[in-house]
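Protein chains in written order, with this note's numbering: chain A, 1 to 448; chain B, 449 to 921.
For the record, the hints were derived by calculation from the structure and aren't laboratory data.
Worth double-checking, as some hints may not be accurate.
Claimed, not checked - Subject to a maximum C-alpha distance of 30 Å in a straight line, what follows is the list of computed DSS-like cross-link-like pairs (lysine-lysine): (1) K48(A) to K545(B); (2) K485(B) to K332(A); (3) K199(A) to K670(B); (4) K485(B) to K213(A); (5) K332(A) to K484(B); (6) K913(B) to K330(A); (7) K299(A) to K485(B); (8) K213(A) to K913(B); (9) K135(A) to K264(A).
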Amino acid sequence: MYKVILAIRYLVKRRITYFAVLAVALCVFIVVVVMTVMIGLVTGFTQKNHSFVGDCVVGTESLVGFPYYEDFADVLKQASFVEAVSPVIKSYVLVTPVGSEHNYGLEMMGIDSALHSMATGFGETLHHHKLDAAKAFAPAYDPNLTGFVVGIDRWLERDSNGRYDHSPSPTRAGLAVTCFPLTAKGALAKAGAGLANTKTFYFSDTSQSGLAKVDSSLIYLPFDEAQLLCMAGSVTRASAIHLKFKPNVRLQSGCEEVASLWRKFKQETAGQSQASLLENVTVQSWKDNRRAFIAPMEKEQTMLTVMFALVGLTTVFIIFVVFYMLISHKSKDIGILKSVGVSNANIMILFWGFALLVGLMGSAIGVLFGCSFLVYINDIEGWLFEHFRFQLWDRTIYAIDDIPNQVELRVVAVIVLSAIVACWVGALVPTWQATRLKPVETLQVSRL
Amino acid sequence: MGVLETFRGYVVSRAQKLIGPEMLKLFLWLRYLRKKKIVFLSIAAVALSTALLIVVASLFTGFINALERSAVETIGDVSLAAPIRFGKYPLFIERLKQTSAVEAATATLSAEGLLHLGEGKVRAVKVWGIEPARRAKVTDFERFLRKQGQFDEEPSFEVTGSMDMVGGFVGIGVVAEPNEKTDEYDGRVIEEMLGIQVVLTTGTVIEAQDSAGSGAGGLQFKRRVLGFTIVDIVETGVYDLDKRFVYLPIEALQRTLHPTEDDQFADQIQIKLADDVRTDVAVAEIWGVWQTFAAKELAWAPYLINQTTISTAKELQGRYIAELRKQMGVLLVIFGVVSFSVIVLIFCIFYMIVRLKQRDIAIMKSCGAASASVAWIFVGFGACIGVVGSGAGVVIGYAITGNINAIEDLIRIIFGLKLWKSSVYVFSEIPNEVDWVWALRIVLFAIIAAAIGTLIPALVAARTKPVEILRYE
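If we strip away everything but chain A, and leave its shape as in the complex, we get (with noise of 0.2 Å):
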């Protein structure tokens, strides 16, 4: 019970521990409102990858495709863990808006809108077509014409608020879409023929995935019209295969089984005459057929937190010198509870107990201002865009909508836990020192 007294009593009474608390309080505001701020912008950054590709991706990276994807994706359609199933075409176009005299390069992803819709999110990052994601390619203004739906960063331009001005229904506009067509070799199938593998698209609709780069650079075409456009040759190919899994499958094994099916048919078509293709698919999760992207994001996550755990150590400093001081002006107490038995353990635990006090009090105010500031962190931006113009990220610039401001308690828990463990390290070698100290020196009348 002493201890529990004497720690709360030193707490009060010596103002000098205030500014630990002090300390303690403002690395966890400053580290809290942080790395909120950063996990969201990194899990909703990972979500959206995920609702790009889907659960799993069969494919190749070779543009040639590969061969038999129809038979493999009824093979999968009638796996009990899969709910849907989308092929895809990849490739680059060189686009043409009609009636311009300029064109640019793009991705282009041949897709199944139904289809891909079921497998990724697709559906719902489209503007005109988010409820029946199956007419994605059938343009409102004439539903006879073959469509395109492009990302919305080349289409339209955001402003200041993050926000496009969309009109109410698409307005007609072609694209003059130009590809490769390449045959099952890689070599061009047209080369030297004057004849352009060319079609026009009519603009349906705009896609919004959150990936800037995926925003502005696909553009999606019927997966049939892509096919006809890129493949050349008697067999026809696709690119990948996009997965959905049944909600109650994890990931992982989700994808082997995918693999072993996909082991299973590679052996069963091996003696057909374009088998060599299937040579260079591979099955991949979501998390690594996106790793490229995901992973500089956590890397930068990292390297904050390691930036902040070398910031942190002046709190360290702080709590030592604080508790050095107080040990130094409470000799004499340690000497008259260790004249009347108290071990040397229990003078630790008692240091440490004030230490945890110290650490919890600190991270409950910090804690609080924290979720306090996070709660209003949008406003405030907004406050300083109309008065200052000043804003955290230029929304023009970065496809950022909202600061991620939702706490996770396990972040704030092992803040939490993290200011404790420091205040206890910064505590260490005095309440060493204290267990040191001996009654008969430290009792002595001449230093009383």
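Add chain B to chain A, keeping to what the hints say.
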């Protein structure tokens, strides 16, 4: 003589008054530093915060400088972009060179296309039709050529052993991907690409012929195909440029895009300014030459002339650089706020020293030291800690920033973690110049912060009453 003596006496007495207390302060500072090892903690904290802030500021500034530098190295000092292609560009370049502001200029014709590099390898590329020799005078283009950059000769598209074949330069990222772990290109793969034939597909919009052949059938896209030999590889160190650009002779691109037209045309002019010319004056002069040329030689309407943009390389990057500067400011503020705890640390340490040294203070005051002098001992000592700590911080910051690429490589070797990739951060190397302007600001901030941390303890020291402290009982 009498006046001189009086003056000397005055100087000596002032010096004694000044040196006396100064020496005392210095003596006490050194004594506290020697006796109170805890003071080193505050020095370490100041050094740590200073080093961190210097590294952050230097990396951001280095990145911004590298962006600006890469723009100048790629497109020269000033770029003129016309809304449509225009003819007679050699005449325009001649007129530009006659002005005092322009040292050299070169034309560029741009297009987009698809490059077929071999079996199944197709890349979307930006195509620049260029004049290699002239371009080398406007930009650092020659330096970026892996093969021809090693020699002093002018760069050329000439294909060895063939006068008829078209040669071209290709960005290193177009023909190869950097290694996933080391972020370096495989030299062997790149060497193999030299001399191979590739096919570029691009296109132009032409007036479609109607059934009567009158050309009134509207605009129609026509695919154009150009085969060329890769004669060199361009490695600028800027990922986006290396990944997307293909360079061809401007005449060959003209012939491919518009085979029926004889005139020489371009859509951009890149300009190198003469030394010691003010950029705004130079841009105004170029603008004047362009207006006259477009109106008289091209017979362009004023609205078309006004659609031309003449920008400095730095202006072209301005929006992104402003955003980067803002992010740097936000990050420095965040770390600055966290570094506020250094002030708290210094306060705690000094408060402790003042409490422990009350007798020293009381003795000084009883010997006649003013309260302000006593306070100044501690404020000055705090400032000294700021100086020493920030000095150490500068050294650490300099060492980290200067060796940042080696440190990053070490992390890769030890932990297998590649932190910097050109595909993510544009440049193949981390910019490693120390931003001395920001370093100076941070050092000053650190010294002031250290002095602020001592204010309350100094005040407590100044209010010490000798009569209470030095009482016998």
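Going through the hints against the structure:
no. : hint               : in the structure
1   : K48(A) to K545(B)  : violated (52 Å)
2   : K485(B) to K332(A) : holds (23 Å)
3   : K199(A) to K670(B) : holds (11 Å)
4   : K485(B) to K213(A) : violated (54 Å)
5   : K332(A) to K484(B) : holds (22 Å)
6   : K913(B) to K330(A) : holds (24 Å)
7   : K299(A) to K485(B) : violated (38 Å)
8   : K213(A) to K913(B) : violated (70 Å)
9   : K135(A) to K264(A) : violated (35 Å)
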